[in-house]
Amino acid sequence: MAGASLMDTLFQRTLEDLIKGLRQQLIGEPAFISKAMEEIRREIKSTDLSIKSTALLKLSYLSSLHFYDMSFADFHALEVLSSPRFAHKKIAYHAISLCFHDTTPVLLLITNHLRKDLTSTNEYEVSLSLQCLSKIANVDLARDLTPEIFTLLSSSKVHVRKQAIGVVLRVFEKYPDAVRVCFKRLVENLESSDPQIVSAIVGVFCELASKDPRSYLPLAPEFYRILVDSRNNWVLIKVLKIFAQLAPLEPRLAKRVVEPICDYMRRTVAKSLLFECVRTVVSGLSDYESAMKLAVVKIREFLLDDDPNLKYLGLQALSTVAQKHLWAVLENKEIVIKSLSDVDPTIKVESLRLVMEMVSETNVAEISKVLLNYALKSDPEFCNWIIGSILSTCSGNVYGMIVDFDWYASLLGEMSRIPHCQKGEEIENQLIDIGLRVRDVRPQLVHVGRDLLIDPALLGNPFLHRILSAAAWVSGEYVEFSRNPFELVEALLQPRTSLLPPAIRAIYIQSAFKVLTFCLLTYLLQRESTASSSWPDNLQSGVPSSDLYESLADLSVGNGASATVTPGEVSPSASLEKNNFSHESIVNLLNVVELALSPLSGSHDVEILERALNVLGFIDLIKEKVLNSSAHKENSSEGKEVEVAEIVQLMHDAFSEELGPVSVSAQERVPLPDGLILKENLIDLEAICGDIGLPSPNSFSFDSTSYEETVGISLSNLEIKEGLEQSNESTSLLAEHRKRHGLYYLPSDKSETISNDYPPANDPRSQDIATDDTNDLIKFAEQSFAPRRKPSHTKPRPVVVKLDDGDEMPIVTKKPDPKDDSLSDAVRDVLLGSETIIGTSSQSNLSDKPSSKRKGKEKQNRDLHLELKENLVDDGNPSSRRSKHHSHEKERRHKSPRKKNAEERRDNGRKEKQKSSHLHGRHRQRADEPSNVSAQIAVIPDFLL
Amino acid sequence: MGIRFVLMVNKQGQTRLAQYYEWLTLEERRALEGEIVRKCLARAEQQCSFVEHRNYKIVYRRYASLFFLVGVDNDENELAILEFIHLLVETMDRHFGNVCELDIMFHLEKAHFMLEEMVMNGCIVETSKSSILTPVQLMDKTS
Chain P
1 MAGASLMDTL
11 FQRTLEDLIK
21 GLRQQLIGEP
31 AFISKAMEEI
41 RREIKSTDLS
51 IKSTALLKLS
61 YLSSLHFYDM
71 SFADFHALEV
81 LSSPRFAHKK
91 IAYHAISLCF
101 HDTTPVLLLI
111 TNHLRKDLTS
121 TNEYEVSLSL
131 QCLSKIANVD
141 LARDLTPEIF
151 TLLSSSKVHV
161 RKQAIGVVLR
171 VFEKYPDAVR
181 VCFKRLVENL
191 ESSDPQIVSA
201 IVGVFCELAS
211 KDPRSYLPLA
221 PEFYRILVDS
231 RNNWVLIKVL
241 KIFAQLAPLE
251 PRLAKRVVEP
261 ICDYMRRTVA
271 KSLLFECVRT
281 VVSGLSDYES
291 AMKLAVVKIR
301 EFLLDDDPNL
311 KYLGLQALST
321 VAQKHLWAVL
331 ENKEIVIKSL
341 SDVDPTIKVE
351 SLRLVMEMVS
361 ETNVAEISKV
371 LLNYALKSDP
381 EFCNWIIGSI
391 LSTCSGNVYG
401 MIVDFDWYAS
411 LLGEMSRIPH
421 CQKGEEIENQ
431 LIDIGLRVRD
441 VRPQLVHVGR
451 DLLIDPALLG
461 NPFLHRILSA
471 AAWVSGEYVE
481 FSRNPFELVE
491 ALLQPRTSLL
501 PPAIRAIYIQ
511 SAFKVLTFCL
521 LTYLLQREST
531 ASSSWPDNLQ
541 SGVPSSDLYE
551 SLADLSVGNG
561 ASATVTPGEV
571 SPSASLEKNN
581 FSHESIVNLL
591 NVVELALSPL
601 SGSHDVEILE
611 RALNVLGFID
621 LIKEKVLNSS
631 AHKENSSEGK
641 EVEVAEIVQL
651 MHDAFSEELG
661 PVSVSAQERV
671 PLPDGLILKE
681 NLIDLEAICG
691 DIGLPSPNSF
701 SFDSTSYEET
711 VGISLSNLEI
721 KEGLEQSNES
731 TSLLAEHRKR
741 HGLYYLPSDK
751 SETISNDYPP
761 ANDPRSQDIA
771 TDDTNDLIKF
781 AEQSFAPRRK
791 PSHTKPRPVV
801 VKLDDGDEMP
811 IVTKKPDPKD
821 DSLSDAVRDV
831 LLGSETIIGT
841 SSQSNLSDKP
851 SSKRKGKEKQ
861 NRDLHLELKE
871 NLVDDGNPSS
881 RRSKHHSHEK
891 ERRHKSPRKK
901 NAEERRDNGR
911 KEKQKSSHLH
921 GRHRQRADEP
931 SNVSAQIAVI
941 PDFLL
Chain Y
1001 MGIRFVLMVN
1011 KQGQTRLAQY
1021 YEWLTLEERR
1031 ALEGEIVRKC
1041 LARAEQQCSF
1051 VEHRNYKIVY
1061 RRYASLFFLV
1071 GVDNDENELA
1081 ILEFIHLLVE
1091 TMDRHFGNVC
1101 ELDIMFHLEK
1111 AHFMLEEMVM
1121 NGCIVETSKS
1131 SILTPVQLMD
1141 KTS
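If you read the sequences in order, they're chains P and Y.
Per the numbering used here, residue 1 is the first one in the first sequence, and the count goes up by one each step.
Per the numbering used here, residue 1001 is the first one in the second sequence, and the count goes up by one each step.
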């Protein structure tokens, strides 16, 4: 046995061998590693600790650099950890800190190892275990090891004390009650004169303060002392970070620190410290004018520096300034604009952010225009950054920045045509949103929508499909503003719509339906008005005729409005004259729709199928009558006429319901009807429905019988085939149609042939133009960012519908993290509860012996308090028990668990009693404390500042 | 938590050292390293040393064939982190003498050890080269 072990040791591959092998790569990396892993799995089971540890070392190497799972070795790592040799321990600790985490099953077995090493006399063992604890501590470990850490916090060895301070952060985070025990010692370390200790402790406080700055206000004098005394830039940077958090909370403190900080800003040569000063001033002390001015000067130096790092940081600092002091940004606008064309995307994005900060009501149009032009020439990624930030800036605060919505609608249209644009979803949302909210913009929206719809080229670009769906919806919903509804129908039903995804195509069809209804209604009304004398008052059964007149009047108003928006652009066929709705044109329209949709009545997509059938059914219903009525003239078939009018009016009414924006929380406000159980368990249904075998809903489609015979061919293939058939059929039909009604077709001949190739996007011009552009940009910046008076708007800002309860998504009030909360509670308890102590100690720094004595006592109290808690929690959990009990436990393991627990409880109880009788008096004293705390919270004593 | 991770990656994109200060699964690590390496190694000399990634920032610096990448929270001082990287390199240089990629490959545990002396819980706790190296050298002697 021993011999075999010796052989193993001799022939075991060391980590070095492994790395060399990896580098040679004779058999390829994966093969080599899997062979090595095989070896490791064998070796790690060895009883020889040196073989085991070498295997573990190799495993951690492969795990950390080649992502091999090492969780199988969790327990082996613990075994290596128990080795008395330091080298083994080191390997084990490294492996453990690499692979253990909160849910590792054997995590709790490590408690005793850690405790043993934490109390070891070898300071390097202590430091290894502290480092490990800082990575793997969970609630139980943190709770169980708090006393040891407390002891180490005042260790005489600086090396150990420093690392104990480092580990505290993790312990506090996992087990906030540790604060009550350790915090005093932590604060004592803050007063230390050892630079190593100070640099560690300041880092810890910086982290703590960033979570809950208010609790650390009482420590301000200590931080101030460090700020003034320390010569270590690392420490200064951390202290500055703390003050950036504290200063906004306490004006007197801000007043106090502003001078030293400015001093550093003027004197220091270290850029990192300088930058931190600047950042502290702009984020925490922005009310101090002289400091701000100095900071802005420094920012400008950064911006002008050749080092791209400083430039970036300067821009970043500026964007912090921007919210409060826009002048600082405007002062540097040239550099900011120039940075838009920097070689570095990080800098570009940062400067774009700043440019967007400068946008205001008066210059939003110009800036957007320039940026969009710039976007055309930039690389796709930055192009989308630009588009995205324009969209979010303009839509912010319910379009608060937009005055001229007609312009904005056209801007959205322009954006959609930028070749790299990938913000379809956002543009879609905004197109619909402003349609809903702003009544006055609808004519322009319809116009923009029309331009998008009639362009067959756009249909081939999948990124635009969402925008097109919005355009289709808008055109259908607000069709009354359209100048040429016939054209819209053509566009909505053009053959290339087969390129759209089914859901969007369904929207197209539905919109075509709306347009069709509108045309029919207008036509009927028109005829009615021409023959009004012959209309008897027999319409009462359906719709009162006055209503019809009204809506007709509405329409003409609408048309008038749309005509005024862009006069001169109206093509002869596009003007919506009353007599344009001739009988012939309506019949044509019906034919067009019927032709385009009849192939879709066999569509495999339910949405398309349903919508198409709806429209076709509607046409069936009225077509005959409309045709007939013309043949016999009005007087011959009045009854039918009325019927048609009724149907059309009914349809129109269904569509003309005004849609408004809906609050996100609207659903919540609907009261739950009695007897409706929303959370009913529907599992029983499965038994009933199970044998029916419903097809999955998302692939719901119809199979015509003819297809059922062809087994083996996938459905999707069939769909494609049929799609082609349909489209071929429709193409020929449409070609025929086109011959007859060329007038309503677009000049493009692409719509005739089905080709999926997307016409080449107008290529962005080559990059060398970019430099010219920057010059343009700068010139432009001269003009547009200059603060100037608000031009008197020719048009007043239209009404924008807002919801009472705010339009933004309700920010789900994040439940305060109970841990964080309890952490800050604990800190506050400790700090404010002992504020006077700290106060006096800092007042009389030299003679703080009495106070430290008292601190010691208090600590003991807290220790006890902690223990009490621990025992309560721990009873069911013997594995995390203190080592004292451990040996007993092992003996008792075979006894019934209940008995064991009872015994332990008794055991603990006895101990408890002893201790508490010792410290009883003090314990009571502690109970009195909270009343002091509440009295002191409000008063932040003057002598601190 | 200040520093979230420290990576050393060579020009070919192979990780030479990885130290995380928050728990990530192997898959997350693999994805993260892939993304970061792709992002940072593609950048040119004259571009700045900071890259925004997800909700944090990467500060990186190249020494010969090796990239040092440090992931930090957004409010961390980027220049200080650059100094930290430099300090790390200097420390290793002092220990190995003219440090190169191979040193780190073959003495990964030592590099880890130095890093652990410098950073705990994502906080920089030690910035003096000699205090960092004392325990490392002591361990060299004993073993």
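These are calculated hints, taken from the structure and not from any lab test.
Keep in mind that a hint or two might mislead.
Unchecked claim - Pairs of lysine-lysine, BS3-like flavour, derived with a Cα cap of 25 Å:
#, chain 1, residue 1, chain 2, residue 2
1, P, 157, Y, 1141
2, P, 333, P, 369
3, P, 338, Y, 1039
4, P, 211, P, 157
5, Y, 1011, P, 157
6, P, 20, Y, 1110
7, Y, 1039, P, 377
8, P, 157, P, 116
9, P, 324, P, 293
10, P, 271, P, 293
11, P, 20, Y, 1011
12, P, 271, Y, 1110
13, P, 324, P, 377
14, Y, 1011, Y, 1039
15, Y, 1129, P, 157
Tested hints:
With a C-alpha separation of about 21 Å, the suggested pair residue 157 (chain P) and residue 1141 (chain Y) falls inside the 25 Å cut-off, and the hint holds. Our distance criterion of 25 Å between C-alpha atoms is met by residue 333 (chain P) and residue 369 (chain P), whose separation comes to about 17 Å. Simply put, residue 338 (chain P) and residue 1039 (chain Y) have alpha-carbon atoms about 24 Å apart, close enough for the 25 Å limit, and the pair holds. With a C-alpha separation of about 30 Å, the suggested pairing of residue 211 (chain P) with residue 157 (chain P) is violated against the 25 Å cut-off.
A threshold of 25 Å between alpha carbons decides the hint, and for residue 1011 (chain Y) with residue 157 (chain P) the separation of about 41 Å lies outside it, so the pair is violated. Of the supplied pair hints, the one linking residue 20 (chain P) and residue 1110 (chain Y) holds, its CA atoms being roughly 18 Å apart against a limit of 25 Å. Of the supplied pair hints, the one linking residue 1039 (chain Y) and residue 377 (chain P) holds, its CA atoms being roughly 22 Å apart against a limit of 25 Å. Between residue 157 (chain P) and residue 116 (chain P) the alpha-carbon distance is near 18 Å, which keeps this suggested pair within the 25 Å criterion.
Our distance criterion of 25 Å between C-alpha atoms is met by residue 324 (chain P) and residue 293 (chain P), whose separation comes to about 13 Å. With a C-alpha separation of about 18 Å, the suggested pair residue 271 (chain P) and residue 293 (chain P) falls inside the 25 Å cut-off, and the hint holds. Between residue 20 (chain P) and residue 1011 (chain Y), the direct Cα distance comes to roughly 19 Å. Compliance with the 25 Å bound is thereby established for this hinted pair. With a C-alpha separation of about 31 Å, the suggested pair residue 271 (chain P) and residue 1110 (chain Y) falls outside the 25 Å cut-off, and the hint is violated.
Distance check on the hinted pair: residue 324 (chain P) and residue 377 (chain P) sit about 33 Å apart at the alpha-carbon level, beyond 25 Å; violated. For a cut-off of 25 Å, the pair hint linking residue 1011 (chain Y) to residue 1039 (chain Y) stands: about 13 Å separates their Cα positions. For the hint linking residue 1129 (chain Y) to residue 157 (chain P), the alpha-carbon distance of about 18 Å falls within 25 Å, and the restraint holds.
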